[in-house]
Amino acid sequence: MEIQRTIKYEAELDRQFAYEIAQSPGAETLFECIQCGACSAACPVSIYMDLTPRRVIAMTREGFKHEVLSSLTIWLCSSCYACTVECPVGIKVTDVMYALKQRAIKEGYGPRKVLTRLLAQSFFQAVKEDGRATERKVMLRLYRRAGLDHLIRMAPLGLKLWRTGRLSAFGTERIKNPAEVRTLLECLEEQEGGKSP
Amino acid sequence: MSGYAYYPGCSLLGTGKSYDESVRAVFEALGVPLQELENWNCCGATAYSSIDECTAFALAARNLALAHRRGDPILAPCPNCYLVLTKTQRYLEQYPEIRQRIVQTLERLGLNLGHDVPIRHPLQVLSETPGLEAIRQKIQKPLKGLRVAPYYGCLLARPYPIVEDPWNTTILEDFIRVTGAEVVPYAYRTRCCGGALTGVVREAGLRMVYILLREALRQGAQAVVTTCPLCQFNLEAFQDQALRKNGIQERIPVLYFTQLLGLALGLPPKKLGLHRHLIPFQPQRKALQEAVA
Ligand code: SF4
Ligand code: SF4
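Residue numbers (my numbering), protein chains in the order written: chain F, 1 to 197; chain W, 1001 to 1293.
No lab work stands behind these hints: they were computed from the structure.
Keep in mind that a hint or two might mislead.
[What the hints assert, rightly or not] Quick list of in silico lysine-lysine cross-link-like pairs, DSS-like style, CA-CA up to 30 Å:
{"id": "1", "chain 1": "F", "residue 1": "Lys128", "chain 2": "F", "residue 2": "Lys160"}
{"id": "2", "chain 1": "F", "residue 1": "Lys160", "chain 2": "W", "residue 2": "Lys1245"}
{"id": "3", "chain 1": "F", "residue 1": "Lys160", "chain 2": "W", "residue 2": "Lys1138"}
{"id": "4", "chain 1": "W", "residue 1": "Lys1141", "chain 2": "W", "residue 2": "Lys1270"}
{"id": "5", "chain 1": "W", "residue 1": "Lys1245", "chain 2": "W", "residue 2": "Lys1141"}
{"id": "6", "chain 1": "W", "residue 1": "Lys1138", "chain 2": "W", "residue 2": "Lys1245"}
{"id": "7", "chain 1": "W", "residue 1": "Lys1270", "chain 2": "F", "residue 2": "Lys160"}
{"id": "8", "chain 1": "F", "residue 1": "Lys176", "chain 2": "W", "residue 2": "Lys1144"}
None of these values were measured; they are calculated from a predicted model.
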């Protein structure tokens, strides 16, 4: 058996990370968290999370960057805003989750078995191409990237939806000038100097 | 002013088609003018915020600018669109640096963001024009005896509620009662349906769907009425799996509030998109069965 150190030295924590997250919109009061747990109590998905929302907040502000960015929690968050409206010090916990997701994608974190990240990326691409998200296109792309077994598992439902006219089989929804939306997004990327995932 | 700038959003062109159809039909029947916002683009939904906040705001802002140019309030039936558009508007007021970037980018496309295009949900609009009383006068086929669970979902209740007091509001219940149907107590009316989780983390998503459906059945509801295409989709398309897994045989139709209203106004079911549903809604047959029993 290999013995591992299970606690971190303070010097290993990434304080800078905490300050950066606290700068994202909605996270300004991150350092005022009183650890009351109201967010975790309100969260309908917390029973599945490896870190509860309260712990995510605590660990983020202490600088446990690696632990937070590799947690399942940020990919399980369904953006229901239940935590956000409960927080007594006005931390928009949902927005903190978004900020963490962005960071995780930018830095290449993200557990493979959780498809949330793939979904976000498939969606991003579709809208960039067409200006709108055709559900069929997004889903096909997601499950193709996720693996054949996923595609097969979703097929019966897809067929039912197609039969009832709720899944356009061939057409793609597109705005008249998708280039306009592309320009919009690219202008911002230019300004930021960043690139899309 | 050419009526509301109707913003269907991507879901209403696909899985939520019957929401689109029933919103249009009901607005027409009630004489509230609406015209699609020309060349609208995807609001960005939750996926964009996961990638980059600023591009998410930019996508939503383009729609705000289009509506501003037209000079009409936005009508957004999808709560996700409603939230993203509203949140963008609020954040751009609150964070001038982000606003600056977005405004400049939009200018390059010849668009002007404007400041306060109203963003409204059909529940709000119809409760004012024509108003519940006027709607009551127009009811032709009251849905007597139908027991309905009112399900708001998350985003009409928080974080930017469509009513002043989201904890005690009865705006959806009032609409259901106007149709002549009965409202069952439904404690989970603003509990999350799981959103995209059914598609990406199946076990968690199915459990959330199950909790909502079980409660509706326990209260004796014969239909769940929603205001959200994602809620409708989750509760209907994953119902079989969620309930079967827990040994429940019963199934319960999940409708949009505009469909219920449309039926009571005497509109043909087909015009309301009812034929697109996977779990058929047959109130007449239900009532008959009960009369026999
Ligand atoms: S509700 Fe707010 S203050 Fe309480 S633990 Fe959660 S983030 Fe901290
Ligand atoms: S927004 Fe996310 S973290 Fe907050 S309560 Fe909902 S699922 Fe939980």
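Verification of the supplied hints:
With a C-alpha separation of about 28 Å, the suggested pairing of Lys128/F with Lys160/F holds against the 30 Å cut-off. Between Lys160/F and Lys1245/W the CA atoms are separated by roughly 20 Å; this keeps the pair inside 30 Å, and the hint holds. Among the hinted pairs, Lys160/F with Lys1138/W is inconsistent with the structure: their alpha-carbon atoms are about 35 Å apart, more than 30 Å. Proximity of Lys1141/W to Lys1270/W is assessed by CA-CA distance (about 16 Å); at most 30 Å being required, the pair is judged to hold.
Note on Lys1245/W and Lys1141/W: the hinted pairing is violated, with a Cα-Cα distance of about 37 Å set against a maximum of 30 Å. Taking the CA atoms of Lys1138/W and Lys1245/W, the gap is near 43 Å; set against the 30 Å cutoff, the hint is violated. A distance of roughly 18 Å separates the Cα atoms of Lys1270/W and Lys160/F; the hinted pair therefore holds under the 30 Å criterion. The hinted pair formed by Lys176/F and Lys1144/W fails the criterion: a straight-line CA distance of about 46 Å is larger than 30 Å.
Violated hints, in rising order: 3, 5, 6, 8; the structure is consistent with all others.
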